[in-house]
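Chemist: What follows is each chain in one-letter form.
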Amino acid sequence: MIDPLLHTAFFVLAALAIVFAGSTFSELEDAPLLRALPKKVGWFCLWCAVLALLIVVLEHTLASTR
Amino acid sequence: MNWAASKKDTPRGDSTVAAVLTWVLPGAGHLYLGMPVFGLCAFLLVSGLYWIGLQLSGGMLFEYLEPDLQSNFAGVLTPEVGNLGALVYHMKTYGYGIGHMRPWPDAMWIGCWLTACSGILNACLMVQAHSDARAPKEGADPGFGSIARPVLAAWAVPGLGHWLQGRKLRGVCFFVLLVGMLVVGTWLSGGSNLSRERHFYYWAGQFLAGLPGLGLEAIFGHAPLTREIRYADAGLDLACLAGLLNVLALMDVYAFGEKRALEWRAQPTSTPAAPVVSVP
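Chains as they are written, first to last, in this note's numbering: chain G, 12 to 77; chain E, 1243 to 1522.
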């Protein structure tokens, strides 16, 4: 059995790095980059959750073998 | 028309030709740009690294691959592809070995490091050739010649390229995030993620995080597996992601250096680029 909390922590770490690396292109100054980071990470996690939910629903309805 | 000024602004050569020549043969791009001494030194360094790597590994790198992954294009996703001429020679001469398993040479992993480092170095040399080609033939270089060094530094240590460009806060953030992910991934995988034999293509991703990954591999990467590692896959993913995200950092360092050089060139009295002070 996997530990959901631990996996969430891994995901947040990866999300932070992905969003930070991606934001370097949109924000040239350091201060606005760091200020906007929490909001961007929040949106990233939200949309990842929506995508994950969608995949679970599709898997349950379309790929179920029961 | 001011012919003297026009000649002064003429670039040294076609930047794409210089980069492609370097990709095929290290140093050839600089030879094309009229910089033979630099080109020869670069050739000796980059090709020498690959040659030593081949000797130490016996050219057996691609024998790490499972038979179903052994194709003509298997080398495309390896760091060695940065040195295309050497990779093609490697594949043509050694290929996938003699058709059955045999013991690896003692210094196999060091040999594989050196061939991979040669590929990365040549990729940075391509950046240098591309930038040098855009510098004016005569007159002061507005900073094109100093684009590649921070790029190489950013590969070697994530964040170091930003630091050298004066963007220290950004550099520290990159270092903490990427090296942190690499360390956490290695810890979760018990070091099993760092073996090129075990994870051929994931290793290539991790290699993009530079010397911290190589240091961790030297310390933890070659221990025998004696137990089941619960989060080995998660650790492998995190460590590989750290390396792949460092490519974005490399691109950011390159783009910043290029922007500075272009800004200096656009100024009416262009002078060589001064060090940039970090913006608070």
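Everything labelled a hint here was simulated from the structure, so no lab data went into it.
Fair warning: this is a prediction, and the values are worked out from it, not measured in the lab.
For every residue, glycine included, the Cβ atom is placed at its ideal position computed from N, Cα and C.
Be aware that a few hints might be false.
[Stated by the list, open to error] A few chain G residues facing chain E, derived, Cβ under 7 Å:
1. 21
2. 25
3. 26
4. 28
5. 31
6. 35
7. 41
[What the hints assert, rightly or not] In silico DSS-like pairs for lysine-lysine, Cα to Cα no more than 27 Å straight-line:
8. 50(G) / 1410(E)
9. 51(G) / 1379(E)
10. 1501(E) / 1379(E)
11. 1501(E) / 1410(E)
12. 1410(E) / 51(G)
Chemist: Each hint should be assessed against the structure and marked as holding or not.
Modeler: Verification of the supplied hints:
1. 21: 6 Å, holds
2. 25: 6 Å, holds
3. 26: 10 Å, violated
4. 28: 4 Å, holds
5. 31: OK, holds: residue 31(G) within 7 Å of chain E, min 6 Å.
6. 35: 5 Å, holds
7. 41: Holds: closest Cβ of chain E sits about 4 Å from residue 41(G), inside 7 Å.
8. 50(G) / 1410(E): At roughly 23 Å apart (the allowed maximum being 27 Å), residue 1410(E) and residue 50(G) satisfy the hint.
9. 51(G) / 1379(E): At roughly 45 Å apart (the allowed maximum being 27 Å), residue 1379(E) and residue 51(G) break the hint.
10. 1501(E) / 1379(E): 20 Å, holds
11. 1501(E) / 1410(E): Between residue 1501(E) and residue 1410(E) the Cα gap is close to 18 Å, so the pair holds against 27 Å.
12. 1410(E) / 51(G): Within the cut-off at roughly 22 Å; holds.
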